[in-house]
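Chemist: Protein chains in written order, with the numbering used here: chain A, 147 to 459; chain B, 147 to 459; chain C, 147 to 459.
Keep in mind the hints are simulated off the structure, nothing from the lab. A couple of the hints might just be wrong.
Derived SDA-like pairs: lysine to any residue, alpha-carbon spacing no greater than 20 Å straight-line [said to hold, decoys possible]: (1) B:Lys319 x A:Ile296; (2) A:Lys316 x C:Asn276; (3) C:Lys424 x C:Ile451; (4) A:Lys311 x C:Asp330; (5) B:Lys406 x B:Asp388; (6) B:Lys195 x B:Val214.
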Amino acid sequence: MKLASPHTLKEIAALINCEFEGDENHSITGLNEIHMVVEGDIVFVDHPKYYDKALHSKATTVLINKKVECPKGKALLISDDPFRDYNKLVRHFYPLTYSLKQISDSAKVGVGSVIMPGVYLGNNVSIGNNCVIHPNVVIYDDCVLGDNVIIHSNTVIGADAFYYKKRADKFDKMISCGRVVIEDDVEIGAMCTIDKGVSGDTRIGAGTKIDNHVQIGHDTQVGKMCLMASQVGVAGVVKIEDGVTLWGQAGIRSDVTLGKGAVLLAQAGLGEDIAAGKTYFGSPAGEARGKMKEVAALKMLPELINKINTSNA
Amino acid sequence: MKLASPHTLKEIAALINCEFEGDENHSITGLNEIHMVVEGDIVFVDHPKYYDKALHSKATTVLINKKVECPKGKALLISDDPFRDYNKLVRHFYPLTYSLKQISDSAKVGVGSVIMPGVYLGNNVSIGNNCVIHPNVVIYDDCVLGDNVIIHSNTVIGADAFYYKKRADKFDKMISCGRVVIEDDVEIGAMCTIDKGVSGDTRIGAGTKIDNHVQIGHDTQVGKMCLMASQVGVAGVVKIEDGVTLWGQAGIRSDVTLGKGAVLLAQAGLGEDIAAGKTYFGSPAGEARGKMKEVAALKMLPELINKINTSNA
Amino acid sequence: MKLASPHTLKEIAALINCEFEGDENHSITGLNEIHMVVEGDIVFVDHPKYYDKALHSKATTVLINKKVECPKGKALLISDDPFRDYNKLVRHFYPLTYSLKQISDSAKVGVGSVIMPGVYLGNNVSIGNNCVIHPNVVIYDDCVLGDNVIIHSNTVIGADAFYYKKRADKFDKMISCGRVVIEDDVEIGAMCTIDKGVSGDTRIGAGTKIDNHVQIGHDTQVGKMCLMASQVGVAGVVKIEDGVTLWGQAGIRSDVTLGKGAVLLAQAGLGEDIAAGKTYFGSPAGEARGKMKEVAALKMLPELINKINTSNA
Chain A
147 MKLASPHTLK EIAALINCEF EGDENHSITG LNEIHMVVEG DIVFVDHPKY YDKALHSKAT
207 TVLINKKVEC PKGKALLISD DPFRDYNKLV RHFYPLTYSL KQISDSAKVG VGSVIMPGVY
267 LGNNVSIGNN CVIHPNVVIY DDCVLGDNVI IHSNTVIGAD AFYYKKRADK FDKMISCGRV
327 VIEDDVEIGA MCTIDKGVSG DTRIGAGTKI DNHVQIGHDT QVGKMCLMAS QVGVAGVVKI
387 EDGVTLWGQA GIRSDVTLGK GAVLLAQAGL GEDIAAGKTY FGSPAGEARG KMKEVAALKM
447 LPELINKINT SNA
Chain B
147 MKLASPHTLK EIAALINCEF EGDENHSITG LNEIHMVVEG DIVFVDHPKY YDKALHSKAT
207 TVLINKKVEC PKGKALLISD DPFRDYNKLV RHFYPLTYSL KQISDSAKVG VGSVIMPGVY
267 LGNNVSIGNN CVIHPNVVIY DDCVLGDNVI IHSNTVIGAD AFYYKKRADK FDKMISCGRV
327 VIEDDVEIGA MCTIDKGVSG DTRIGAGTKI DNHVQIGHDT QVGKMCLMAS QVGVAGVVKI
387 EDGVTLWGQA GIRSDVTLGK GAVLLAQAGL GEDIAAGKTY FGSPAGEARG KMKEVAALKM
447 LPELINKINT SNA
Chain C
147 MKLASPHTLK EIAALINCEF EGDENHSITG LNEIHMVVEG DIVFVDHPKY YDKALHSKAT
207 TVLINKKVEC PKGKALLISD DPFRDYNKLV RHFYPLTYSL KQISDSAKVG VGSVIMPGVY
267 LGNNVSIGNN CVIHPNVVIY DDCVLGDNVI IHSNTVIGAD AFYYKKRADK FDKMISCGRV
327 VIEDDVEIGA MCTIDKGVSG DTRIGAGTKI DNHVQIGHDT QVGKMCLMAS QVGVAGVVKI
387 EDGVTLWGQA GIRSDVTLGK GAVLLAQAGL GEDIAAGKTY FGSPAGEARG KMKEVAALKM
447 LPELINKINT SNA
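Bound-form chain A, shown alone (with noise of 0.2 Å):
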């Protein structure tokens, strides 16, 4: 997330009260989780399995419990909880606030939408035109729809990301300071889930349609027209090219690739990229040609070990 006017390093340093490395007017324009950074922006990192590409990625300033080497032109907070001190900024540059009217005051919503009742729209919630956002939707802050967006019954949009770290004697929450933005002509059915990023924004391209009980992570790029259907499950960080579909009940791991027109077939479960244009079948899903011999081999199994059993004896 962008912060509403840049920062020093010295001034952010004193906010989480850390050393620092670098040029003490260093400039810093942002926050972001690693997969979603870009100039201007502090990412965090606390283990060394990562340093690298914390200090290599787009972002300027790594907010890290090690001084290492700082990478030119880039600035290091050092810490000894990088993850406690990020939460803090978060929380200090996006403080928590909840609206407990139904319709926030900062909601706004466009020509000729239909709001049905029940619906909540938390602050600054933006609707285009020409929506219908059924009973009983809930849209938490932030989050942005474009023109002729349906809603169907009972989806939330923009719930906050599972995202934990894992402590000795609890798991700490990450806090999540992101969006879902859905863009024009998108319907999306009843009683699916679409998280907001945590820092960045989880987005459904246009013209994209999606079925009931669908659960989106954070963070996760979903293209133009694609196809959920009912029960599918995507996980965080995951990117879904133009023109992709899923078929029911399909699960995806999270920080995969989906080429476009991709196709993904009932009950998969896919933990590896598809090429653009692929079908994948199976759990773990594979390529669905290859997999649909190995459905027709296991059949022959049970057979051929009685075969071979029975010429051994």
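Go by the hints and put chains B and C onto chain A.
Modeler: For chains B and C alone, coordinates are given in the frame of chain A:
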């Protein structure tokens, strides 16, 4: 769906500004999707692959994109875009209206029924006697519940069918004008979705019991005294006969039939018909006894491959 | 469930108009389903297969459909329909009431807790301090939440158990009189369902974090600091010990135990116990290392069958 009163072929052709074949006084009494057609109906077809099915269905008027030979006693409406014109007719006869009251003035509730807070009842909803509708349930327009029906919180009855026509640059939505009919003594868990029929009824038979998070697609027919465990997903246009049991997380493809007393085990993915009394398992699902043999054989396979590799070495 | 005050065997027999065996002053202090019984309880049994289990359970009064030998220190209630009479007792001691106020007058909310619009809190619901209950959450009667609990939108806590007795022409519902107890520092995502216990408590242990669309059945016990990813389904009467992780879309059959720190991978279907620290995978699920070997072997199977067929030709 039946029209409120019959119309002539000539009148209907004028509404969508298209040519026709057949007696101009030929009577039209309804509009239906191909799976649901009865005599007097218009059905639409726009792909040569399905011409025969449409022309020889029970529908007596066919809205089609080519001048073909008209079957005896029937009539044709010839349109460059039957899908668009079918939707135009649906909207003409069933104009879009949204009740913005939490309980529509035209909704009816029987004697002894309890409607809990936050429930939404759309236009013409009809609830029988001695029902309990738990908080925040949403029932869309025109749905009908019998007596002694219990619906747990946040369930959505009658959302639109997930049914689109793919165009070059968008998905066109098929307008749903059907209903959900829930017979006597049905209990439906929390967080379920039962979609309305495209042009007919989605039906849940008397005495059937459904657990939480279950999805039932448009135009699906569920028999009497069925059981569905949590997170079951049933696509559209499925026929489930009496006494069928579906275990947790099982999924069913559109347009299949489950015979009387059939059983689908947990997480099974059904893509074909099940005969009465049979038990199926696996994804893709097959008869359970055979599938269990496959599971057992697969357990032996790694060792078998080892042996073969060793003996070939 | 404990009765408000103890009753004698004679009093209870009069309520359901049945014979009894044992001291007429034998004390009855509670009513419980077989999985939850403690000393002083009535348990019911109506199938000879389960007589022994019921007679030798911790329950000290057995509502049974045959005059059998009464274990020492216990008592019998002899009924032609123990299921019906058990339900009659439940309704007598826990009469059906529905609060028609959005937040019942008997609901209690702790200091610093935020109850968002559209939330329903039933009779005797108790919410601790510093909780956040997001819009349109529904909490049924008698459920108890600790401190610092967060519940995201549209989640339903405390709906009835999915528990029926099959009769010739209907399913008879087992009346649930239990609760859901959610301990401190639990976070539950949007669109989850946690059913109440039939006669005891469904419990979510302190510090556990649950993602969206998760189902937890009646009387299930979840330990401390567990993680459940989206769309997990846990049946009734499951025991999940501390530190267990369930990945997305995994399902668990009723009445199994997952030992401390066990892991169930995505889409796994568990039908048996998992020992502490073990990782399971597959449907039906087995120890992950073995299952991964099966996956690898299955990939080789089509080629192997080709070879065998060729060499036999």
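Chemist: Give a verdict on every hint.
Modeler: Do the hints match the structure? See the list:
| no. | hint | verdict |
| --- | --- | --- |
| 1 | B:Lys319 x A:Ile296 | holds, 11 Å |
| 2 | A:Lys316 x C:Asn276 | holds, 17 Å |
| 3 | C:Lys424 x C:Ile451 | violated, 33 Å |
| 4 | A:Lys311 x C:Asp330 | holds, 18 Å |
| 5 | B:Lys406 x B:Asp388 | holds, 5 Å |
| 6 | B:Lys195 x B:Val214 | holds, 13 Å |
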